[in-house]
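Residue-level listing of the chains:
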Amino acid sequence: MAVIEIQNLTYTYPATSHPALREVSLTVEAGEFVAIIGPNGAGKSTLCYTLAGFIPHFFKGELQGEVRVAGQDIRRVRLEDWVLKVGLVFQNPFNQISGAKFTVYEEIAFGLENIGVPREEMKRRVEEVMALTGIEDLADRSPYALSGGQQQRVALASILVMQPEVLVLDEPTSQLDPIGTREVFQVIRRLAHQGVTIIMAEHKVEWIAEYADRVIALAEGRVIGTGTPADVLTDPRLPDYGIGISRYTAVARRAAGEGLWPAERRLPVTLDEAEAGFRAVEEAHAHLH
Amino acid sequence: MRISIEDVHFVYPGGVEALRGVSLSIEPGERVAIVGQNGAGKTTLVKHLNGLLRPTRGRVRIGDWDTAQVEVHRLAQRVGYVFQNPDGQLFCRTVAEEVAFGPRNLGYTPEEISQRVAEALALAELEDKAEANPYDLSPSWRKMVALASVIAMDTPIVIFDEPTTGQDVRTIRRIERMIEMLSQRGKTILTITHDIDFCAENFERVVVMGQGRVLLDGPKEMVLGMEAILAQTYVEPPQLTRLGMRLGFEKTVCTSEQFLETLRRRLDHPQSDPRAEG
Ligand SMILES: Nc1ncnc2c1ncn2[C@@H]1O[C@H](COP(=O)(O)OP(=O)(O)OP(=O)(O)O)[C@@H](O)[C@H]1O
Ligand SMILES: Nc1ncnc2c1ncn2[C@@H]1O[C@H](COP(=O)(O)OP(=O)(O)OP(=O)(O)O)[C@@H](O)[C@H]1O
Ligand SMILES: [Mg+2]
Ligand SMILES: [Mg+2]
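Protein sequences appear in the order of chains F and R. Its first residue numbered 1, the first sequence is counted upward by one per residue in the numbering used here. Its first residue numbered 1, the second sequence is counted upward by one per residue in the numbering used here.
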């Protein structure tokens with residue numbers, strides 16, 4: 001079942017002359033984990049805002065085309081209700097903190113409190129997401145006196161705790177340490193298995209390759225590629241669009257130029273694929289000697 | 001100008017012990033990356049270099065100055081610092097004014113100021129945005145404005161706190177070119193980063209922090225191969241280092257050049273690798 005259906009979406013911010021999104025069409029199934037890649041200014045955040053209803057309800061501007069999420073026309077939803085259905089983790093975690101609370105624990109509980117979730121359940125859910133995002137130790141700290149990565153973890157936790165049906169994540173790991181990044185991808189992967197629909201704007205292609213079901217590449221507001229991570233992330237046009245590729249893909253492409261990558265093999269996007277390909281090269285050479 | 005950090009401890013008001021005895025010395029012109037898990041104390045440490053924070057115990061020296069005895073505005077002549085979140089750093093109406101702000105405060109002549117501004121804008125590739133309002137630019141360009149404003153101060157020591165966060169490859173290449181140019185001019189460059197591949201490709205010396213302490217400090221080929229210690233502070237070796245390990249490379253490789261070189265050598269002499277025989 002398609003949870004997100006976008007047809008010919010063109011959107012222009014107020015007081016700007018060029019659309020930030022142009023004729024975007026895409027569908028996302030329930031429980032799919034879709035990564036959005038693209039250079040700076042490609043429109044990734046704009047797409048995230050649209051799914052979350054901030055466009056057109058907060059940023060006005062001109063919206064053309066159809067955007068339906070969970071069967072509803074995005075123009076018709078009320079933002080207050082919509083935030084419960086579609087959770088958005090902002091690109092800048094500093095924008096996510098409510099300013100109303102004095103501790104990390106209260107900050108994360110804030111949304112649940114607003115919708116009147118019973119105390120016991122609230123406690124259980126807050127503790128669960130704090131463990132999931134690795135911030136149990138920060139419960140009593142002020143949400144402002146944290147390191148960059150700790151703030152980003154709090155921002156993520158405060159959305160996860162709401163258990164939205166659709167989760168929109170705008171570069172949620174930009175400030176995280178490397179293993180923390182991998183853990184967040186694992187948590188998101190697990191949520192997708194449980195049926196949550198995930199849209200994640202992200203530059204870290206190594207982890208997209210490992211964990212996402214599908215990749216949509218944007219450039220200058222247009223969809224320039226869509227498919228499995230293996231297909232999209234080895235598309236030779238990506239560098240021309242200013243989109244990064246993994247070191248595995250890059251080094252194998254250089255090796256292939258010297259005949260040091262098996263001719264019949266697709267370029268690798270993950271560590272496992274790179275290992276398998278280079279082992280095959282070494283074995284083939286060993287036979288020659 | 002030498003940086004010398006001697007057994008520095010720092011406790012935030014409220015009691016968080018962010019640094020627990022850090023000692024480091026950095027020679028003029030070195031290029032050093034600091035990595036380590038969220039909350040390890042990286043930002044806290046570098047804020048000691050420009051006097052934003054003073055050690056609770058221990059000493060920080062920048063050249064012949066002890067930071068505890070020198071005012072912040074004077075330290076700004078020696079240490080430039082680009083914040084992790086640059087939005088707190090920008091407040092002028094145009095990019096050009098923003099970039100001129102630092103040199104003006106340091107008391108340079110108008111000619112010197114305009115020369116520095118022009119140079120910094122060129123290095124950051126911001127010439128065509130000189131008259132824009134920083135807040136009309138995208139976050140990615142705003143970060144370049146913050147970089148340019150610090151470069152314009154022309155300090156012997158430059159510190160970047162997570163410069164590549166959220167940046168696309170072209171911007172990262174631009175930052176790399178900038179670091180290269182600064183290096184050629186003899187600047188000491190200190191960069192905090194979680195982007196371990198960027199670290200491997202651009203820095204020679206790597207300092208690994210965890211829980212307020214230095215866990216490792218040395219040449220990248222030594223440090224980035226120490227998987228078990230890195231994991232203690234939530235860092236993984238770079239992609240190509242991990243690939244080299246999987247393939248049984250004897251030496252730690254950090255860059256694609258090093259990877260390909262080792263690969264070619266192994267293909268020419270398959271017997272040189274004990275695992276290839278099994
Ligand atoms: N509030 C706004 N008002 C006007 N224009 C905007 C606004 N936000 C973004 N834009 C413009 O819309 C386009 C798409 O921006 P968007 O932020 O969606 O890109 P992005 O892919 O998220 O980039 P990044 O990787 O830098 O986060 C850009 O040209 C940008 O300058
Ligand atoms: N203003 C503050 N008041 C109190 N504690 C703070 C403050 N800023 C940071 N801390 C705490 O000090 C410790 C070190 O934080 P610091 O910002 O130096 O970490 P970091 O290594 O830069 O992490 P990150 O990679 O997440 O940016 C953390 O436990 C953090 O919560
Ligand atoms: Mg964005
Ligand atoms: Mg920091």
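To be clear, the hints were calculated from the coordinates, so they are not data collected in a lab. This one's a predicted model, so the numbers in the text were calculated from it and none came from an experiment. The C-beta atom is built at its ideal place from N, Cα and C for all residues, glycine as well. It is possible that some hints are incorrect.
[As the list claims (entries may be wrong)] Derived contacts from chain F toward chain R, CB cut-off under 7 Å, selection only:
| hint | residue |
| --- | --- |
| 1 | Tyr13 |
| 2 | Asn40 |
| 3 | Gly41 |
| 4 | Val83 |
| 5 | Arg125 |
| 6 | Asp177 |
| 7 | Pro178 |
| 8 | Gly242 |
| 9 | Thr270 |
| 10 | Leu271 |
| 11 | Ala274 |
| 12 | Ala276 |
| 13 | Ala280 |
| 14 | Ala286 |
| 15 | His287 |
[Unchecked claim] Label pairs and their computed distance ranges (CB to CB):
| hint | chain 1 | residue 1 | chain 2 | residue 2 | range |
| --- | --- | --- | --- | --- | --- |
| 16 | F | Glu264 | R | Glu227 | 28 to 36 Å |
| 17 | F | Gln186 | R | Arg213 | 21 to 29 Å |
| 18 | R | Asp268 | F | Glu264 | 37 to 45 Å |
| 19 | F | Ile115 | R | Gln232 | 51 to 59 Å |
| 20 | F | Glu80 | R | Glu125 | 38 to 46 Å |
| 21 | R | Glu71 | F | Asp73 | 30 to 38 Å |
| 22 | F | Ala230 | R | Glu227 | 25 to 33 Å |
Would you list, in rising numerical order, the hints stated earlier that this structure does not obey?
1, 4, 5, 9, 12, 13, 15, 18, 19, 21
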